[in-house]
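K.L.:
Spelled out from the first residue to the last, the chains are:
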Amino acid sequence: MGNEESVFFSRVLTELTLSFHIIYATIGVGIPLMIMIAQWLGIKKQDEHYILMARRWTRGFVITVAVGVVTGTAIGLQLSLLWPNFMELAGNVIALPLFMETFAFFFEAIFLGIYLYTWDRFENQKKHLLLLIPVAIGASFSAVFITIVNAFMNAPQGFDLVNEQLVNINPVLAMFNPAMPTKVAHVLSTAYMTSAFILGSIGAYRILKGSNHIYHKKALFLTMKIGLIFSIATAVIGDFSGKYLAEYQPEKLAAAEWHFETHEGAPLMLYGVLDDGEVKYAIKIPYALSILAHSNPNAEVIGLDQFPEEDIPPLYIHYLFDGMVTIGMWMTLVSLVYVVGVWLKWSFVKTRLYHWLIVFGGPLSMIAIELGWWFAEVGRQPWILRGIMRTEEAATTSGQVDTMLLLFAGLYLILAIGSIVVLTRMYRKNTVEQELADRDLEKEGELR
Amino acid sequence: MTLELIGVSVLWFFLFGYVIVASIDFGAGFFNAYSLFRGKQHILTRIIQRYLSPVWEVTNVFLVFFFVGIVGFFPKTAYYYGTILLVPASIGVILLAIRGAYYAFTTYGGLTHRRYTYLYGLSGLFIPASLSIVLTISEGGFVNEKQTGIELDYWALFTSPLTWSIVVLSLAAVLYISAVFLTWYANKAQDEPATELLRKYALIWSVPAIVSATGIIVELKDHNPEHYSRLFDLWWMFALSFILFAGTVYLIGKRKAYGVAFGLLTGQFLIAFFAYGISHYPYLLYPYLTIYDSFTNEAMAIALIIAFIAGLGLLLPSLYLLLKLFLFNKDYVQGKRNDHA
Numbered sequence: 003m004g005n006e007e008s009v010f011f012s013r014v015l016t017e018l019t020l021s022f023h024i025i026y027a028t029i030g031v032g033i034p035l036m037i038m039i040a041q042w043l044g045i046k047k048q049d050e051h052y053i054l055m056a057r058r059w060t061r062g063f064v065i066t067v068a069v070g071v072v073t074g075t076a077i078g079l080q081l082s083l084l085w086p087n088f089m090e091l092a093g094n095v096i097a098l099p100l101f102m103e104t105f106a107f108f109f110e111a112i113f114l115g116i117y118l119y120t121w122d123r124f125e126n127q128k129k130h131l132l133l134l135i136p137v138a139i140g141a142s143f144s145a146v147f148i149t150i151v152n153a154f155m156n157a158p159q160g161f162d163l164v165n166e167q168l169v170n171i172n173p174v175l176a177m178f179n180p181a182m183p184t185k186v187a188h189v190l191s192t193a194y195m196t197s198a199f200i201l202g203s204i205g206a207y208r209i210l211k212g213s214n215h216i217y218h219k220k221a222l223f224l225t226m227k228i229g230l231i232f233s234i235a236t237a238v239i240g241d242f243s244g245k246y247l248a249e250y251q252p253e254k255l256a257a258a259e260w261h262f263e264t265h266e267g268a269p270l271m272l273y274g275v276l277d278d279g280e281v282k283y284a285i286k287i288p289y290a291l292s293i294l295a296h297s298n299p300n301a302e303v304i305g306l307d308q309f310p311e312e313d314i315p316p317l318y319i320h321y322l323f324d325g326m327v328t329i330g331m332w333m334t335l336v337s338l339v340y341v342v343g344v345w346l347k348w349s350f351v352k353t354r355l356y357h358w359l360i361v362f363g364g365p366l367s368m369i370a371i372e373l374g375w376w377f378a379e380v381g382r383q384p385w386i387l388r389g390i391m392r393t394e395e396a397a398t399t400s401g402q403v404d405t406m407l408l409l410f411a412g413l414y415l416i417l418a419i420g421s422i423v424v425l426t427r428m429y430r431k432n433t434v435e436q437e438l439a440d441r442d443l444e445k446e447g448e449l450r
Numbered sequence: 232m233t234l235e236l237i238g239v240s241v242l243w244f245f246l247f248g249y250v251i252v253a254s255i256d257f258g259a260g261f262f263n264a265y266s267l268f269r270g271k272q273h274i275l276t277r278i279i280q281r282y283l284s285p286v287w288e289v290t291n292v293f294l295v296f297f298f299v300g301i302v303g304f305f306p307k308t309a310y311y312y313g314t315i316l317l318v319p320a321s322i323g324v325i326l327l328a329i330r331g332a333y334y335a336f337t338t339y340g341g342l343t344h345r346r347y348t349y350l351y352g353l354s355g356l357f358i359p360a361s362l363s364i365v366l367t368i369s370e371g372g373f374v375n376e377k378q379t380g381i382e383l384d385y386w387a388l389f390t391s392p393l394t395w396s397i398v399v400l401s402l403a404a405v406l407y408i409s410a411v412f413l414t415w416y417a418n419k420a421q422d423e424p425a426t427e428l429l430r431k432y433a434l435i436w437s438v439p440a441i442v443s444a445t446g447i448i449v450e451l452k453d454h455n456p457e458h459y460s461r462l463f464d465l466w467w468m469f470a471l472s473f474i475l476f477a478g479t480v481y482l483i484g485k486r487k488a489y490g491v492a493f494g495l496l497t498g499q500f501l502i503a504f505f506a507y508g509i510s511h512y513p514y515l516l517y518p519y520l521t522i523y524d525s526f527t528n529e530a531m532a533i534a535l536i537i538a539f540i541a542g543l544g545l546l547l548p549s550l551y552l553l554l555k556l557f558l559f560n561k562d563y564v565q566g567k568r569n570d571h572a
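If you read the protein sequences in the order shown, they are chains H and P. Quick note: the first sequence uses the numbering used here, first residue 3, plus one each step. Quick note: the second sequence uses the numbering used here, first residue 232, plus one each step.
Quick caveat, the hints were computed from the structure, so don't treat them as lab data. Cβ atoms here follow ideal geometry from the backbone N, Cα and C, with glycine treated the same way. Any given hint could be a false lead.
As the list claims (entries may be wrong) - Per label pair, the in silico range of CB-to-CB distance:
1. H:Leu18 to P:Leu558: 56 to 62 Å
2. P:Asn560 to H:Val238: 43 to 49 Å
3. H:Lys47 to P:Leu554: 31 to 37 Å
4. H:Ile416 to P:Leu554: 31 to 37 Å
5. P:Pro548 to H:Gln308: 50 to 56 Å
Said to hold, decoys possible - Keeping only pairs whose Cα atoms sit at most 25 Å apart, straight-line, the calculated DSS-like set for lysine-lysine is:
6. H:Lys129 to P:Lys561
7. H:Lys128 to P:Lys555
8. H:Lys129 to H:Lys245
9. P:Lys555 to H:Lys129
10. H:Lys128 to H:Lys227
11. H:Lys220 to H:Lys431
12. P:Lys431 to P:Lys377
13. P:Lys419 to P:Lys431
14. H:Lys220 to H:Lys347
15. H:Lys352 to H:Lys219
16. P:Lys419 to P:Lys452
17. P:Lys419 to H:Lys128
The whole structure should be built from the sequences, with the hints applied where relevant.
P.N.:
Encoded structure:
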């Protein structure tokens, strides 16, 4: 296997691992917050439905965490196994957040074990809720630290390169790089948003399948409210991300927007196709790109003409970007209409059609997460460390990457099937109605 | 103490932690599967499940901590070990992944088939075998530096008696450590039949553990004379380790103080592990890589050490809470409480 092949298969394997891991990682970051909100509401309102919600979500969460943990271990090792040259260089500058991530993960793992096995152990339920806080913090901070590493790959700083030697290394400066604030905020808020919409889609699905229990209605309304809040936050952060890109990674923004020539008052291109370097069938929104990039309709936006051919990312990232943004906007609308509709008692938000829209919202949000990461990673090409190291220089020279790709693909298939089977069985076997009835019986037994 | 030494000691200590907690976990899985095979599952399963359920995820973190930490403190290891370990480490991580995920699927998700119990038990033996290969490779003689990069010589690796002795040691040690710990745990749970059975396992596996450990030292004499002579300089540490080993076996044999026995066992492995580590100094990979030429810059090293101390301040109380609520909680250990979500 030549080195070109090693590079190719290393990229495919990394992409596969990340694409699979991010599903479970997103859920792993977002769900603890949802559980926390539900349990807190339950204690505050003395409403056992919310408590049960927290309890049932926790059970599902454990399954996804398990897959998240093991695939996270896989990507952690693959960084060194597939990109040894990159890790040798990056390890010198950005090892600190990677190291801190293991602590956050440690913290989360310990308290998850405790939280899981101490339901009903405390007289005061608030004590049990307290145990969840470190889980949520640990989960979110894992995401923060890992995203910092990714931000560093996009906007490396905190060192100088003199004669190919790293000098003046400042690990803290490397962490607080320009890409970090928007990237971290975006990853967190989309994880919360996606998790809320996934839980919402489960609730809507149960209602569609004939369950008329108030539990599902409460779950649906709660998750749609949370989803709405975080989708608005995501939109605001997205605006800042645009400004970050314009300033620090103009080639990524220009490629995503098919903005070929540098000029003032740049329009935003939505959708369309590229035919021989010409954009066709696109929706053109005048001045919008200048506003996105610089908050000024007449501002100059740097185009792809400013960059040598070999430094430009593939132009198909336009579709990834548009897909992500479209889904984000769509979900904001779906949740906004639902929440307002419930308040104002609009009848159409209670129809089967609308519930189906919500059901599809969960998987759609996850697709948006995937599109977003593909956009982030492909949009950084040809660099692994922007401006410093090219992807092909970073890959392993080992000739067995193709075989490993097959092995890992098999692994992810097994994990996907296993987790889906287990999760569906878990909730099918033990429905909300049944569990509530069981608990009532238990209580009666205690009273007698 | 230099920064290099602090870094490598911290990592070595965490690796030791992984060896102990993972051994307990791997061995427990194997004993569980074996007892199912022999139709004695009713004796062991409950006790093993009760110990493993709240802690399984924590085990994995020790390993992640080690490999993230070693790339942090010694970035050059990413290049050397990253390149040569592609296949063995990938296989190890795939086995770990299947094992960890299916543990959760069966414990929390209600998948209950004999197949999974066997899968879980056997993977627990393959994982230490595949991970222990890294120690063999670190002894040198299996890595060639070529124009295109570095390569692992699989043929030499798999035909070397050293490789197989280390594999045997890892398996014997896993089963021995696990049996001693679980004897103590079963005894705390006042589970008489389980204690007796596990005690028998502990005594059986003590023999191959000590024999294979001695065998490796002898084989190193041929394979890596430099390391062997440094090992020999530390004979007193190995002697001390052996005394602790004898103490464990004595207490288990006499059915006395299982807790102390496990304490002695931890001491035995700690001393032997560090004696091995110290004699390996300064090499991370004979003869290419030492802790000095692979070390990170000073700024990063100090930042990592500060992060480590801060992290430890957070972790130690949490670990204590975990142990207090489950390992040292009588009601929980004896199965009077479950409180699972």
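K.L.:
Would the hint linking P:Lys555 and H:Lys129 be met if the CA-CA limit is 25 Å?
P.N.:
Holds, at roughly 16 Å.
K.L.:
Given the hint of 31 to 37 Å, is the C-beta distance from H:Lys47 to P:Leu554 inside that range or not?
P.N.:
35 Å, holds
K.L.:
Do the alpha carbons of H:Lys129 and P:Lys561 lie within 25 Å of each other, as the hint requires?
P.N.:
21 Å, holds
K.L.:
Given the hint of 43 to 49 Å, is the C-beta distance from P:Asn560 to H:Val238 inside that range or not?
P.N.:
47 Å, holds
K.L.:
Decide if the proposed pair is consistent with the structure: H:Lys128 and P:Lys555, CA atoms, cutoff 25 Å inclusive.
P.N.:
Holds, because 20 Å separates the two Cα atoms, which is no more than 25 Å.
K.L.:
Just tell me: holds or violated, for the beta carbon distance of H:Ile416 and P:Leu554 against 31 to 37 Å?
P.N.:
33 Å Cβ-Cβ, so the 31 to 37 Å window holds.
K.L.:
P:Lys419 and P:Lys452 were given as a pair; does the straight-line alpha-carbon distance stay at or below 25 Å?
P.N.:
Outside the cut-off at roughly 43 Å; violated.
K.L.:
Can the restraint linking H:Lys352 and H:Lys219 be considered satisfied, given a maximum Cα separation of 25 Å?
P.N.:
10 Å, holds
K.L.:
Does the alpha-carbon distance linking P:Lys419 and P:Lys431 stay inside the 25 Å limit?
P.N.:
17 Å, holds
K.L.:
Within 50 to 56 Å: is that where the Cβ-Cβ distance between P:Pro548 and H:Gln308 falls?
P.N.:
54 Å, holds
K.L.:
Does H:Lys245 sit within 25 Å of H:Lys129, going by the straight-line distance between their CA atoms?
P.N.:
43 Å, violated
K.L.:
Check whether the Cα positions of P:Lys431 and P:Lys377 lie no farther apart than 25 Å.
P.N.:
51 Å, violated
Checked against the numbered hints given earlier, this structure breaks hints 1, 8, 12, 16, 17; the rest are met.
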